[in-house]
Each structure stands twice: as structure tokens, then as C-alpha cells.
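Turn these sequences into a full structure, and let the hints steer you where they fit.
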Amino acid sequence: MKKLKVLIVDDSSVMRKIVERALRQAGLDINEVAEASNGAEALAEIQKGVPDMILSDINMPVMDGLEFLKNLATLDSAKGVPVIMITTEGSEARVVEALSAGAKGYLRKPFTPEQVKERVAPLLGGGQ
Amino acid sequence: MKSMTQSRTPVTIPFDPNWKTIMECAALEVFEMMANVRLTLNPAPTEAPTGGQTAMVGMAGALCGMTTIRCTRSTATKLAALMLGEEAVSNPASARDALGELCNMVAGNFKAKITGLADACMLSVPTVIAGEDYSMDTAEPAEGVTIALVYETENIWVTLVTHS
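Going down the list, the sequences are from chains H and R. Heads up: the first sequence begins at 477 in the working numbering, then just goes up one per residue. Heads up: the second sequence begins at 16 in the working numbering, then just goes up one per residue.
For the record, the hints were derived by calculation from the structure and aren't laboratory data. All values derive from a computational prediction rather than experimental measurement. All residues carry an ideal CB built from backbone N, CA and C; glycine is no exception. Just so you know, not all the hints are guaranteed correct.
Quick look at which bits of chain R chain H covers, simulated, 3 or more residues with Cβ under 8 Å [as the list claims (entries may be wrong)]:
1) 41-50
2) 53-67
3) 123-133
A short list of chain R residues far from chain H (calculated; beta carbon distances all over 12 Å) [said to hold, decoys possible]:
4) S89
5) N119
6) S179
Here it is as C-alpha cells:
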């Protein structure tokens, strides 16, 4: 089973821990978790090492999730890395915008580990 | 030449007493999904909301107001442990932040259940107050609902206050 590196982007450190815990409870074999508190930090984190998957909040200060997606699309090194957006507010317009900007899926808070697995596992290819 | 300028009238969604049921559903869902705990409703709480931790999330747009969750510090810590693991128990900041995130999700889940509100109401970042001896007052006129959810033997108070 392939070990995974996941980048979790959220301005709330507690939410980053909750997402990581949900990934592990979902049975995904996470080897390394990188964290960033906004899109700009996430881009810097990707320069250090490209993750297998990115889970990102939409509403964040400095650089929000939508702007992050647009910047990510310009990085050759991150081409093909699936991004799942996490949103609290059930805002359809923002979700549609994110999917148009390249996100592969979205997860609406609140979520269960089972829902996380349903959204994440299909995007990780074999081994999960 | 006639001006084509149109003024946009802000759409306001008026308070509906039925929101109490929707808030109950929204809150119960959040606690069950995020903390893996099935709470029960206290149908007739005999006390006013109390507790040493209050999380607040402001709402602005088609609905203006605030969602709060109030509970004891002990309950907040237990909820944080359920959400984050036992290590959260040793960090009071984690317990406060977890309660703030729960409040954020309850407010978000509530507005997602109201037709036309999801895209028309913004939420603030959560704020958490710690302390027992204080009261909260909001600008009049205000309407709202308060529900009490039972965790073990203690109430968790969820309140929605709206301004028309």
C-alpha cells in the first residue's frame, strides 16, 4: 500500500488537526502531513515537496482557496496533484468556482471519516 | 437618455420560528459527525444558558445575527478530545478552538439548510469567551431561538440571535 503525503491548508490549526484525524480514521495510510494556514504558505510548502493530495479550505486570509487554485495551476511541479476543497458554508457558487478552477472535488463540513474516504480515495489511484 | 442604473435591494430573509427545529437538526448533525457523539435534546430546560466557554460566530448578509454555543469548560474539553484525540485535553487552547470550530460548523450547517441563505449570508471567524460571570446583550430588535442539547449530564446551549 502506497504511503501518502498530504497537504492540509486551513487557517484554523484545529481544523487542520481534525482533517488529518479524519484522514487517518478513514484508513488512509498517511505517511506525511504538511500544513499551511493559507494559499501562499501552501505554495511555499509545495516548493519544498510536492504532495500526493491537497485538501484546502476556501475561505482563508492572505490567499484564499480559489486564488491558491489559480496559482497552483501555474506550477508545473504540481500538475496532476488532486485538490479537494473544504467548505463550511454550503455556498454552491464558491464550490462551482473552485471546481472550475481545477479542484477535483469538495468536502462540506461537517463530515465523517467515511465521507472523507469516499471523496479522497478515488483520487489517489491504486493502493488505497 | 434614460439611466440604466438599477439599485440592488438587499434581500433579507426574515426570522422564522420554525428555525428552531432546523437549528436542532443542524447542531445534532455537527456533533454527531465531527465529535462522533449522539446528543439528545433537552425539551424543557429549566435554567438559562450557563457555562464557562462560549463560542460565537457572526452572520451577515441576508441574515444578520450570531450563533453561539455555550457549555462548561469540562464539556468543551471532552468535546475537543472527541474531535482531536486525548492530547487535546492537556491544551486549553485546543478545547477553545474546537468549540469555535463546532460553532462555525453549526452556523454553516444551519444556513445551508435554509433556502436562499447559503450563498447570501457570510460567517465571521469564531470567537471564544472563557468565564462564568458575564451576560450577552445584542442590539434590538432581535429575535432568536435557543436549544439545549444534553451531553452526559450537562447542557450544551446553542443560540441563534437575528436582527431584522
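- Task: Tell me, in ascending order, the numbers of any earlier hints that this structure violates.
- Result: Violated hints: 2, 5; rest satisfied.
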